[in-house]
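**Q** Work the whole structure out from these sequences, hints included.
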Amino acid sequence: MEECSVGRHESRKIVSFCETTEKNLLIGMNFFQMKFFSLFKGSFVFITRLAMSWINSYNLEDDIFVGSKGTKIFYRTYQPKEGRKGNRVLVVQHGIGEHSGRYEFLVEAFAGTGTAFYLIDSHGHGRSEGKRGAVDSFSDYLSDLDKLIEIAKKKEKVSKVTLLGHSMGAAISTFYAEEGTNQGNLNALIISALPIKVKLDLVMKLKKGIAPFMADILPNLTLPTGLNVNHLSHDKAVVDAYVKDPLVHGMASTYLGNMLLNSEEPILANAGKIKIPIYIFHGKEDQIADSAGSEVFFEVVGSSDKTLKIYEGLYHETMNERIEDRTKVLTDLKKWFESHVN
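Taking the numbering used here, I'd label the letters of the sequence shown as residues -14 to 327.
Simulated from the structure, these hints should not be mistaken for laboratory data. Don't take each hint at face value.
Stated by the list, open to error - Straight-line alpha carbon distances no greater than 27 Å define the calculated DSSO-like cross-link-like pairs of lysine-lysine that follow:
1. K294 x K269
2. K142 x K132
3. K221 x K70
4. K70 x K138
5. K269 x K192
6. K138 x K320
7. K182 x K291
Stated by the list, open to error - If you anchor each label on the Cβ, the simulated ranges turn out as follows:
8. N41 x F198: 49 to 59 Å
9. G257 x K221: 15 to 25 Å
10. E67 x D201: 49 to 59 Å
11. G68 x S144: 10 to 20 Å
These figures come from a predicted structure and were not determined experimentally. Glycine included, each C-beta is placed from N, C-alpha and C at the ideal position.
**A** Printed below as a string of structure tokens:
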């Protein structure tokens, strides 16, 4: 069983960038220049981080709580230095195989809005404990998400938060909102790339057909998801960073795979229960989760305050697309959020 220990964030990408930059710069430098750069390498790392001016808008903190199965669950908070405005607390639930650290574009876009962020690494993901891509029950994700929401409410002294989920995280967030009295914890719901419909080529048809059988006999067997990383974003830098990210994995248990591949019926059956304001967005050219799923979901959601945005030409991670595209996506999202959460 592969575990991931919980620990402080290490700026591996920045250090790697510095090492590569150093190697390139040393070529052709004289002895004094080499000594000078070596002496100030640590300062260069600091200056590189300082250049990320948006990060200076927040106080960042990493912490853990004990999850539903007794495992340590990692979460990260961004507190706006100018102070939180009203009820602007955004809890973020990531997708399969990824982690909270991949949502910096989102946090950056909201700098200056007075929004506090709480981002979870779900069981078996990122810096949280648990077998990679495996979970005993999908409800474990919901229980851990609920714990983080309660932590956020207590720390921020608010009665409700806004919940954002992407991909698998969109499914988790939707199931959460549909269950019991959970909507009483939420001001609004934001759903990105809901994965209730997939592109059904022959391979996916076989996977979907055999998934229930495999989940019954070998529920904890983990297999590669077969995700085509080139369909995440048109931005090659985003794809390359995803591939090189040591906290990203490409595994899913047969149980989890079955839950996601066959989530359409239960999600749609209970969508009418969702009465809070909801914002749904999806890339039209998403090859991982068909945007038709978001369109169908939008039609049956019970809320009288619902918005659907389908972005032409964009892939699965609209918030991580090319800069001009993600700027449009994030600007639209921020405008909706600011108009609904005071």
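**Q** Would the hint linking K221 and K70 be met if the CA-CA limit is 27 Å?
**A** Distance ~35 Å between K221 and K70 Cα, so the pair is violated.
**Q** Given the hinted pair K269 and K192, is their Cα-Cα distance within 27 Å?
**A** 23 Å, holds
**Q** Given the hint that K142 pairs with K132, does the C-alpha gap stay at or below 27 Å?
**A** 15 Å, holds
**Q** At the C-beta level, are G68 and S144 separated by a distance inside 10 to 20 Å?
**A** Check passed, 19 Å falls within 10 to 20 Å.
**Q** Can the suggested window of 15 to 25 Å be confirmed for the beta-carbon pair G257 and K221?
**A** Violated: the Cβ-Cβ distance is about 41 Å, outside 15 to 25 Å.
**Q** Between the alpha carbons of K182 and K291, is the straight-line distance 27 Å or under?
**A** 20 Å, holds
**Q** Do the Cβ positions of E67 and D201 conform to the proposed distance bound of 49 to 59 Å?
**A** With a Cβ separation near 53 Å, E67 and D201 satisfy 49 to 59 Å, so the hint holds.
**Q** State, for the Cβ atoms of N41 and F198, whether the hinted interval 49 to 59 Å holds or is violated.
**A** 53 Å, holds
**Q** Can you confirm whether the C-alpha distance between K294 and K269 stays at or below 27 Å?
**A** Within the cut-off at roughly 10 Å; holds.
**Q** CA of K138 to CA of K320, is that 27 Å or under?
**A** Answer holds: K138 to K320 is near 23 Å, not above 27 Å.
**Q** Check the hint pairing K70 with K138 against an upper bound of 27 Å on the C-alpha distance.
**A** 14 Å, holds
The structure fails hints 3 and 9 (numbered hints given earlier, in ascending order).
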